Amino acid sequence: MNALSTQNLTLGYQTSKVLQEINLRLPQSQATAIIGPNGAGKSTLLKGLMNLLPHMSGKVEFFGQPLKKQYHNIAYVPQREEVDWDFPICVLDVVLMGRHGRLKFWQRPTKQDQELAQQSLEKVGMQAFAQRQISQLSGGQQQRVFIARALAQQAKLYLMDEPFAGVDMATEKAIVALFKQLKENQQTLICVHHDLNTLQDYFDWVIMINAGLVAYGPINEVLTLDNLNKTYDGRLPILQNLDLAKPAGTN
Amino acid sequence: MLAFWQDANLVWVLTGTLLLSVSAAVVGGFAVLRQRALIGDVLAHAALPGIMVAFILFESKAPGLVLVSALLSSLLAYYLISWITRVSKIKGDAAMAIVLSLFFSIGMMALSYIQTLDLPNKAGLDRLLFGQAAAITQQDVVWLSWVAIISLCFIALVFHKLRLMSFDPQYAQTLGLNLKAYELSFALVLVLTVVIGLQIVGVVLMAAALLIPITIARFWSQSLRTLLIIAAILSVMSAGISTQISFMVPHMPTGPWIVLILGLLFGLSWLAAPWVRGQRHV
Numbered sequence: 000m001n002a003l004s005t006q007n008l009t010l011g012y013q014t015s016k017v018l019q020e021i022n023l024r025l026p027q028s029q030a031t032a033i034i035g036p037n038g039a040g041k042s043t044l045l046k047g048l049m050n051l052l053p054h055m056s057g058k059v060e061f062f063g064q065p066l067k068k069q070y071h072n073i074a075y076v077p078q079r080e081e082v083d084w085d086f087p088i089c090v091l092d093v094v095l096m097g098r099h100g101r102l103k104f105w106q107r108p109t110k111q112d113q114e115l116a117q118q119s120l121e122k123v124g125m126q127a128f129a130q131r132q133i134s135q136l137s138g139g140q141q142q143r144v145f146i147a148r149a150l151a152q153q154a155k156l157y158l159m160d161e162p163f164a165g166v167d168m169a170t171e172k173a174i175v176a177l178f179k180q181l182k183e184n185q186q187t188l189i190c191v192h193h194d195l196n197t198l199q200d201y202f203d204w205v206i207m208i209n210a211g212l213v214a215y216g217p218i219n220e221v222l223t224l225d226n227l228n229k230t231y232d233g234r235l236p237i238l239q240n241l242d243l244a245k246p247a248g249t250n
Numbered sequence: 000m001l002a003f004w005q006d007a008n009l010v011w012v013l014t015g016t017l018l019l020s021v022s023a024a025v026v027g028g029f030a031v032l033r034q035r036a037l038i039g040d041v042l043a044h045a046a047l048p049g050i051m052v053a054f055i056l057f058e059s060k061a062p063g064l065v066l067v068s069a070l071l072s073s074l075l076a077y078y079l080i081s082w083i084t085r086v087s088k089i090k091g092d093a094a095m096a097i098v099l100s101l102f103f104s105i106g107m108m109a110l111s112y113i114q115t116l117d118l119p120n121k122a123g124l125d126r127l128l129f130g131q132a133a134a135i136t137q138q139d140v141v142w143l144s145w146v147a148i149i150s151l152c153f154i155a156l157v158f159h160k161l162r163l164m165s166f167d168p169q170y171a172q173t174l175g176l177n178l179k180a181y182e183l184s185f186a187l188v189l190v191l192t193v194v195i196g197l198q199i200v201g202v203v204l205m206a207a208a209l210l211i212p213i214t215i216a217r218f219w220s221q222s223l224r225t226l227l228i229i230a231a232i233l234s235v236m237s238a239g240i241s242t243q244i245s246f247m248v249p250h251m252p253t254g255p256w257i258v259l260i261l262g263l264l265f266g267l268s269w270l271a272a273p274w275v276r277g278q279r280h281v
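Protein chains in written order, with numbering that gives the first Met the number 0: chain A, 0 to 250; chain B, 0 to 281.
Don't take each hint at face value.
Pairs of lysine to any residue, SDA-like flavour, derived with a Cα cap of 25 Å [said to hold, decoys possible]: (1) A:K68 / B:V157; (2) A:K16 / B:I83; (3) A:K58 / B:I83; (4) B:K88 / A:K68; (5) A:K46 / B:L156; (6) A:K110 / B:S222; (7) A:K122 / A:E60; (8) B:K88 / A:Q29; (9) A:K103 / B:K90; (10) B:K179 / A:Q199; (11) A:K155 / B:I83; (12) B:K90 / A:S42; (13) A:K68 / B:G175; (14) A:K67 / B:L176; (15) A:K67 / B:K90; (16) A:K179 / A:Q69; (17) A:K179 / A:Q29; (18) B:K179 / A:K110; (19) A:K46 / B:E182; (20) B:K179 / A:L52; (21) A:K103 / B:W82; (22) A:K46 / B:S222; (23) B:K90 / A:N50; (24) A:K110 / B:G175; (25) B:K179 / A:K122; (26) B:K90 / A:Q69; (27) A:K58 / B:K88; (28) A:K68 / B:K90; (29) A:K155 / A:S15; (30) B:K179 / B:W82; (31) B:K88 / A:K155; (32) A:K58 / B:K90.
Worth flagging that the hints you see were computed from the coordinates, not collected in a lab.
Quick caveat, the model's predicted, so the values are computed rather than measured.
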């Protein structure tokens, strides 16, 4: 069964359609990167999958079911900039938010929820910061807290919006190690990613978009010069380190 | 000096005022944290035409009628704002300003019209502009208290979910939570708090009673629970003192005094908090 499949998904804001007719089928237990130039619709795609945009058409299924029946299996990690980091709350309480999908409106997190949140913080190396106010965190620490919050959901599929944006080396390494661990546990990852130089190291599959789907599939099949040119309108970043796939039929 | 403590009715009034100030501080606190600071101002102004039209139609100021008419009028404004921002490119702040002035103008016109009518009970409607705690009847206080208690219970019950939705509404939605239901119930509690606050604080200054306490509290704490408690205490202090003044000095409106005392507390906190805490934050 596919972790994610979409049929004729079209997404956009009030008057403009950002992405049109997206058809995807992503297998489970893979790490998939979404790449494309600025404004290509990478974040829009993630948000659309999570039904956070009002204007959309087409069909999205997670593990063969619509989102409504799969909320408990999917964890979304937004971009850090989308929240107010001066909000008066401590790290542990933010991570505990990941448990609220399973709690009724009047229920408070239980001791088990607290332990789970602690374990999630440990997985991202932030256990020492549990009682810290979030306003005192660095960018990399903020990112790790958001990822810990997603881990606390105990989901099967993780959708992350630029988890590596503006984080330090230590955080990047910690997140990559975590990715490996998640994949070993048969969990699936879909991330918006910017750095083509690390693409092949961190991910197995790639979705290339530029106001529409250019190509998607295993990196060693679809990361061709031709597809990259289409994705980045010919304005390619430096590519000498990339081990590009050869188009089928050549070599 | 403290003569009014001896009067049973006045103790009632004080109780209502204090309950209201607690719920205004707590409910307003959440509005500020959701970066919707001005919505309370809009809802307060928008209640005016509802109350005035109801008075013209029914020639009555019964608390139940005032509450329901103000509620309908404010909710209409609330929906109008979300409708404008949804179907046009007008941003939230502009939409709020437009709706606020429009509703307030209609309310003021209706109030002027009422002044020309020959009705015995029309006196006191203009007190809604700045509020006058001393003029409240015991019947009003019973209503005030119930609404305040319901608002506080609601906040206490769904505290965790409200905090989650204030911090990161999109994420709350991805958890499968019914964001719209929470939004609507919070809006309802906010409108109720605003509407009952009108008699004490008044239309024009209601926003201050909602916003200033939490703003002062942020000088002193960074934990949401403590913040709300501090805000409630500050709010009670200012409401208590202002009610007292409003009783002792005839025709002294309560609203401006509440704001003045809160402003004083704000200034003191601004100066003292960094010194007390040993560091400057904000």
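* Asked: Can you list which hints this structure breaks, lowest number first?
  -> Structure breaks hints 3, 4, 5, 7, 8, 9, 10, 11, 15, 18, 21, 22, 25, 26, 27, 28, 29, 31, 32.
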